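Given two chains presented individually in distinct reference frames, assemble the corresponding complex, making use of the accompanying hints.
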Amino acid sequence: MRGRRERVQGRLPLVLLLPALLGLAFLLVPLAGLLAQAPWATLPSRLFSADVGQALRLSLLCASAATVICLLLGVPLAWLLARAELPGRGLIRALVTVPLVLPPVVGGVALLLVLGRRGLIGERLDLWFGFSLPFTTAAVIVAEAFVAMPFLVISVEGALRAADPRYEEAAATLGAGRWLTFRRVTLPSIAPGIVAGAVLCWARALGEFGATITFAGNLPGRTTTMPLAVYLALETDPDVAVVLSVVLLAVSVVVLACLRERWISGLR
Amino acid sequence: MTLYADLHVTRDAFRLDLELTVEPGEVVALLGPNGAGKSTAIRAIAGLLPITEGRIRLGDDLWDAPPRVFRSADRRPIGVVFQDYLLFDHLSALENVAFGLRARGTHKRTARAEAARWLETVGLSEYARTRPRSLSGGQAQRVALVRALATSPDLLLLDEPLAALDASTTLHVRAELGQHLKRYNGRTLLVTHDPLDAMVLADRLVIVEDGQIVQEGAPTEIARRPRTEYVAQLVGLNLYRGTADSNIVALDGGGTVTIASPSQGAVCVAFPPSAVSLYPERPTGTPRNTWPMQVAGVEQHAHTVRVRLTPHNAPAPATLLADITTAAVADLHLAPGQLLHATLKATEIQTYPA
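Residue numbers (this note's numbering), protein chains in the order written: chain A, 1 to 268; chain B, 1 to 354.
The shape of chain B in the complex, shown without the other chains (with noise of 0.2 Å):
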């Protein structure tokens, strides 16, 4: 049974329409910039929110479609893990990993039991009977996932679940939280702003924006051909537009770029910022791609320095970022609206229809 969910939802001044499926043991990723409608649509399929049009369904199971099916969160095979976990505090962990099991009609002993087989499988036996404002956010986070697998969700719904944890813990819970998503075989969407939960978790990413879907598709496709520039600064790339015509491409924003296998029409063209070299003079030599630029800024990343530049008094691609090393910024004595030349190797281009 897959989901389907055909979202529309208009409030004041903000409309959401996307449309979006998960399979079985498949985990999808919601990926946007804050406001780009994620939580409303996490909220509109957990059933705390109604949609104004479409239709969600599991199988043949409807779950909301308006005017008529509303189907209210209780009932619906749910599991939520909320951004900031919402673990009942007048409960111990124990407690609250049974509350949806006994809400759901089973047994008082019965759902202890259970959740402390749930408490097990995340290694917080020991914490059964801790109150939740005393666990760390690890920990809570884990609470709170088992909280939500407990009832044994067709589907399982997790909002920025990694994004109250603090820096040092995010990459182990995000590890951790990978191993049981894998074990679970329902359905999981995810919803996230930040890329490498998504490329991490997923196995499949919806890029949202301004309530709209700009991408879909495998996390490997969409780091290496993001069709907008939201994407293309998530997974780090130089992104433009324009038109090819066998080797050369007239980019929108003005100049052109050389590419290594011939295209035609419109197309996306983009490459790492590590592609890019600077130059003090004009290099002698192969590269076609040069351009006169102006430094506009400079950024240290952990190991490389990313500079943006701008095309200064010729045609050439608006704002392009280099990485380069630490070293070559002081041989280059770098200072923003010093005058550089830019090269790009044309073998490190993706080329690929827009």
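Looking at chain A on its own, in the form it has when it is part of the complex (with noise of 0.2 Å):
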């Protein structure tokens, strides 16, 4: 039976196999690329050096940041989309995801419109707190969010969906309100699909580039993450660039790592 399969999967058309390894190879030899090239024996000083420190842990704080605002607005709206029995929830949906294919750059315009010290929000917090919101840590923490949401929403609601509601009946019967029902059977039960949506929350956050540079501008120690650092040390010192970029590239693959029972699994 296998040796027949094997057979039968050796006959791959020539036309089909080509085109095959050229896609597979121009999708890693760039990576293989960056791996080879990288100042490994200076790699460790200058991953501890101020600048590439300083980037580093600001990119770890926005982009947690970032998903513990995602976690505690995006669950909810999961729920919502979910499991209520909502009006043009379609359109809903549709709208939550727009973020997900929206180039980042118009994420941050858009933010800088309401937020910015102009903006329709933002005008109101200057006149009111004193608040500026644009070119602050914080605004590299909204832009992150803002760009990341979509991926835990869509991870969570698809766990929602999968759970079977009648566990949330059988705990109604047992006299658990809907509160408690929520934190003590559903929460349980869609907790993979919340790490995995947090995982790959974090991952879009931690890689944000567009939203960040646009919003929160590019001010070392305070709005520099890790892309735009990059990007800044591609001008003055390539090598630089190199090291942050592996660690990006090393942080991805655990990140894969970490979900591949759930993605690449469930794409097979």
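For the record, the hints were derived by calculation from the structure and aren't laboratory data.
Treat the hints loosely; a few may be bogus.
Restraint-style ranges between C-beta atoms, simulated for each label pair [as the list claims (entries may be wrong)]:
1) Phe-26/A to Lys-108/B: 54 to 60 Å
2) Val-98/A to Asn-185/B: 55 to 61 Å
3) Leu-86/A to Thr-52/B: 21 to 27 Å
4) Thr-325/B to Pro-192/A: 58 to 64 Å
5) Pro-13/A to His-90/B: 47 to 53 Å
6) Pro-165/A to Gln-179/B: 30 to 36 Å
Derived list of chain B stretches under chain A, where covered just means 3 residues or more per stretch with a C-beta under 8 Å from a C-beta of chain A [as the list claims (entries may be wrong)]:
7) 92-104
8) 129-141
9) 159-166
Anything over 10 Å on all C-beta distances counts as not near chain B; from chain A, calculated [claimed, not checked]:
10) Pro-13
11) Leu-95
12) Pro-103
13) Phe-131
14) Thr-136
15) Ala-176
The structure displayed is predicted, hence computed values, not measured ones.
We put the beta carbon where it would ideally sit given N, CA and C, even for glycine.
Structure below.
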């Protein structure tokens, strides 16, 4: 049986095989090049140099904070989309996913227009609290959360849809109100979906560039995250850019490893 | 306090209308084929589905009376055992049992101690820390039962509590469930499609077909005097409707039956398949109920063979079931399409007003 299948698979037409291999190479060669070009000898020292360390710390902090915001807002939003009887739910779901396909720089411009000093809400913030969001570390977090939240919402909503609502009914018959049921029954049952969504969300936030540079600018120590630092370093010190890139690549591989159960096997 | 439920639920083309009461200490079984509306009834009483019309109350306590009153499931004093138990997989058996107590405000330590006592009553103390997916079907069923009982509900609802078990464990678990139900002094409503579950566990049966009650009464009464084709099939009797005139009943489907005790008017005639005998030739002698029949099917039951017969060129009861021994099958050389004579002893017939 197996031998037969192997024969069938072995007869791939050349017309498909060549572009397939070319595609694979196209995806892998740049990454291999990056690893080959990395200054491995000086990598540790560069990694812990002030600039890189600062960007790395800022990136981790902002991506984590953005993920927390996404969790606090995104899980309830996913619940609303999955469980509530909303009019126009399809439209709302489509709107939620807009940041997913929107060029990040457009997202940055949009945030600037709303939360900027002259923006719809930003003006009030400035007027009432004397607080201006753009070009601060908080702005980085806002920009990252804006871009990354759809990843979390989609993942959690999918998990909620797959979860059997009859367990919630069982909890209700045991005297649990809606909030208790959500905490003690629904959340644990969708925990894998939440974790996967959060990891994905975090990875997306960590790599965020367009919205961040537009909305938060590029101020070393305050808004210069890793991707911005990579871009900046390419002009001045390419080796640093390579080191930072290797770090980001490593993070991506780790994220992929974390999600392999859900994504790679899910795509099979 | 009696549970009183007058349920009217309309959903798409389906309509459920049924009225039932459950007294304290009583076990009422709602018995019916799949799709009869049993689950809808149990969901409505549990508060998982609002009724369209009618009312549900326990004593004077209104649970559901559209359009004004609807008390959600978590505020009704109920316990439910679901068909596939719905035990929470992320919690241990003990935490599952403690869940209801915790939800109703019992302190954590007290709830766990209480839950441990409940697990002990069903002999599952050593499985307290086990996750539900590692339990056997019978064990999971017992955990589900004590989870429902742990909050000392006024009403216990059991939705096909034995349907998920395999045949070898059902017998044992059913007997055990019966013990627990006897000890429970609240009201129990059991939904099942298995007549044996209903007969063994319930004090009173309510039989539902197509959203309507077709018969209600003590198990023995229903077993002896079925009123519909479905109930007759459940309890394994031949059932015909007809009009009696003294000792002769003219059946609605054709043919007549001679009965032992005289009767008048519309009646039901019921008799077990074992009261029917089959002969290759028309027998001579006493039996007056003799019909020429044709074999439509032969089925092996535990120790007997059930023969399905249809009338052959003469008025006779439509679709007659006969139970005969395997030896008789060999003697008769039974085969579908074969012509036989069926006789019925008048003394084995139950006749009661339709």
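| task | Would you list, in rising numerical order, the hints stated earlier that this structure does not obey? | result | 8, 9, 15
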